[in-house]
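For the record, the sequence lines run as chains A and B.
Numbering-wise, the numbering used here comes out as the position in the first sequence, counting from 1, plus 4.
Numbering-wise, the numbering used here comes out as the position in the second sequence, counting from 1, plus 6.
It is possible that part of the hints are untrue.
[To be verified] Short derived list, chain A residues pointing at chain B, Cβ under 7 Å:
{"hint": "1", "residue": "Cys31"}
{"hint": "2", "residue": "His38"}
{"hint": "3", "residue": "Ala40"}
{"hint": "4", "residue": "Ala47"}
{"hint": "5", "residue": "Arg49"}
{"hint": "6", "residue": "Ser53"}
{"hint": "7", "residue": "Gly54"}
{"hint": "8", "residue": "Trp58"}
{"hint": "9", "residue": "Gln59"}
{"hint": "10", "residue": "Ile66"}
{"hint": "11", "residue": "Gly127"}
{"hint": "12", "residue": "Gly204"}
{"hint": "13", "residue": "Leu205"}
Hints listed in this document are in silico derivations from the structure and should not be mistaken for laboratory results.
Quick caveat, the model's predicted, so the values are computed rather than measured.
Backbone N, C-alpha and C fix where the C-beta goes; we use that ideal spot for every residue, glycine too.
Letter by letter, the chains look like this.
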Amino acid sequence: MSECRRYLEEFAEREHDAEARSHLASCRECAAAHRAHEAIFRALRESDSGDERWQESVWQRIDQSGSGRLGGRLRGLALVAAALIALVGVAWLFTAGPEGPPELTARVLKGDAVRRGESAHPGDSLRISAKGVGPSEARVRLYRDGVLYWGCGDPEPCTRVGDVLQVTVPMETVGRYEAALFWSSDPIPPSTGELDRDAGLALEAGAGFELHAPIDVR
Amino acid sequence: MVEDVELEARAALERNDFEATLNALMEGYGDAVFRLCLMLLRQQDLAEDVRQLTFVQAFEALPRFRRQSTFRTWLLSIARNRCLDAAKHRKRQQRWVVDSDPPEPVQKSTLPGQRVERIGIRKALGYCLAKLSDADREAVVLRVSVELSYPEISGMLAVDPDAVRMRVLRALEKLRRCLSAKGVTP
Chain A
5 MSECRRYLEE FAEREHDAEA RSHLASCREC AAAHRAHEAI FRALRESDSG
55 DERWQESVWQ RIDQSGSGRL GGRLRGLALV AAALIALVGV AWLFTAGPEG
105 PPELTARVLK GDAVRRGESA HPGDSLRISA KGVGPSEARV RLYRDGVLYW
155 GCGDPEPCTR VGDVLQVTVP METVGRYEAA LFWSSDPIPP STGELDRDAG
205 LALEAGAGFE LHAPIDVR
Chain B
7 MVEDVELEAR AALERNDFEA TLNALMEGYG DAVFRLCLML LRQQDLAEDV
57 RQLTFVQAFE ALPRFRRQST FRTWLLSIAR NRCLDAAKHR KRQQRWVVDS
107 DPPEPVQKST LPGQRVERIG IRKALGYCLA KLSDADREAV VLRVSVELSY
157 PEISGMLAVD PDAVRMRVLR ALEKLRRCLS AKGVTP
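Looking at chain A on its own, in the form it has when it is part of the complex (with noise of 0.2 Å):
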C-alpha cells in the first residue's frame, strides 16, 4: 500500500487524474488500494438533497429579520403597525388607567449569568419579562423564526406576581428568536402559531402587542 500512496495523493487531488490511471492500469497494487479509497470518495460525496424547499426557507427566514427582499414592504407595514399599536396604546392608557404599557425585557442566560448583547447559543435561555400587565389577561410568547415556540399556558404557565409576567425559556436550537406580549382587558385570540398572524388577529380585537427585538441563536 505505501508503494501506492503517491498515487493515492494524486488521485486525492485529482489534478494528476491521466497519469495515476495510467499506472493503475499496470499496477494491480496500486489499482487495489485505488478502487478502496474510489469507492469511499463516492460514499463522501453522496448524500441526501435535504429539504426539498428550503431555498423557500431561506427567504421566509431573511424576510421574517426584515432585511431581505420584503423588506422595504415589511417596514411599511411595521410603520402601519406601528401606528396601530401607537393607537392601541393610547386607547389602553385611556382606559387602564396611567400606569402606561406594559414593559417587555428579555434577557439571554447561560446558566445563571446575563449574557450582554442580542447573539446567544444554542442551550441558553431567555428570560422574558412583562411588567405593569395590571390587571389585564396578559400572555407572553415566544417565537422562533416567526412560528410559535413556547407559549404560557403550554404546558407551564408563567409566572405572575403582582403585575409582573416572568418565565425563563431554553433555547434549544438555532434561529432568530422574538419575545412578543399580548394583553387585553378582554380574552387574547388564541396563537395561530404564527407570529404576523397573531399579531394581526390580536391588533384586530383591540389588543396590546409588543414585540421583543429579535435574538438570534447561532
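Got chain A sorted already, so can you dock chain B onto it with the hints?
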C-alpha cells in the same frame, strides 16, 4: 460549473442585486453546503438548519463581501463555523447519539440494485467518520465531500497545506480500515 456560479453571483453583486446573488449561490452551492454539514454533523435536520442559517448569514454579509476569496470558500467557511457551533452545543448537551451504536456488519449478499449495500456503506461511513478526530474528519470532508483544494482548505483552517494533505490521507486510511472492520470492503 463553479466558474459559472461565481461569475453569475459576482455580476449580480456588482449590480447590488443581493437577491439574485443569493439565489445564484443557493442554486450553485446549496448541495455542497448541505453535504458538508451532513458529513460533519451526521444529523439530517441539524444539517438542514445549519444550511439555511448559513445562507441567511451570507445574505446579511453580502454587502460586506470583500471578494478576497471565492463565494464558494466563503460560504463553506461560514457553514463550517456554524457546524462547529452546532456540534459544540450538541456535545455540551450530550446528545451525541447519532452513530453511537456500531452498525451491524454489512451482509455480503448483494440484493438487486445494490441499494441495500449502499445504505449499509453510508451507515458504516457515518460510524467511521464519528471515530475520526475532529481535525481529520474536517479535512477529509472538505477535501473529498465538497472538493476544496488543499490550498483552499489550508487557508480556511489556517493550517499548512502539507499538514492538510497528511490529515486527508490519514483519514482516508482510517476510514478504509474502519469500513473493512465493519464488513464493508470497498
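Against the structure, the hints:
1. Cys31: violated, 18 Å
2. His38: violated, 10 Å
3. Ala40: Nearest chain B Cβ about 5 Å off; hint holds.
4. Ala47: holds, 5 Å
5. Arg49: holds, 6 Å
6. Ser53: holds, 6 Å
7. Gly54: holds, 5 Å
8. Trp58: Constraint on Trp58(A) satisfied, holds at 6 Å.
9. Gln59: holds, 5 Å
10. Ile66: holds, 5 Å
11. Gly127: holds, 5 Å
12. Gly204: violated, 24 Å
13. Leu205: For Leu205(A), the interface hint is violated, since the closest Cβ of chain B sits about 27 Å away, which is over 7 Å.
Going down the numbered hints, you'll see the structure goes against 1, 2, 12, 13, while the others check out.
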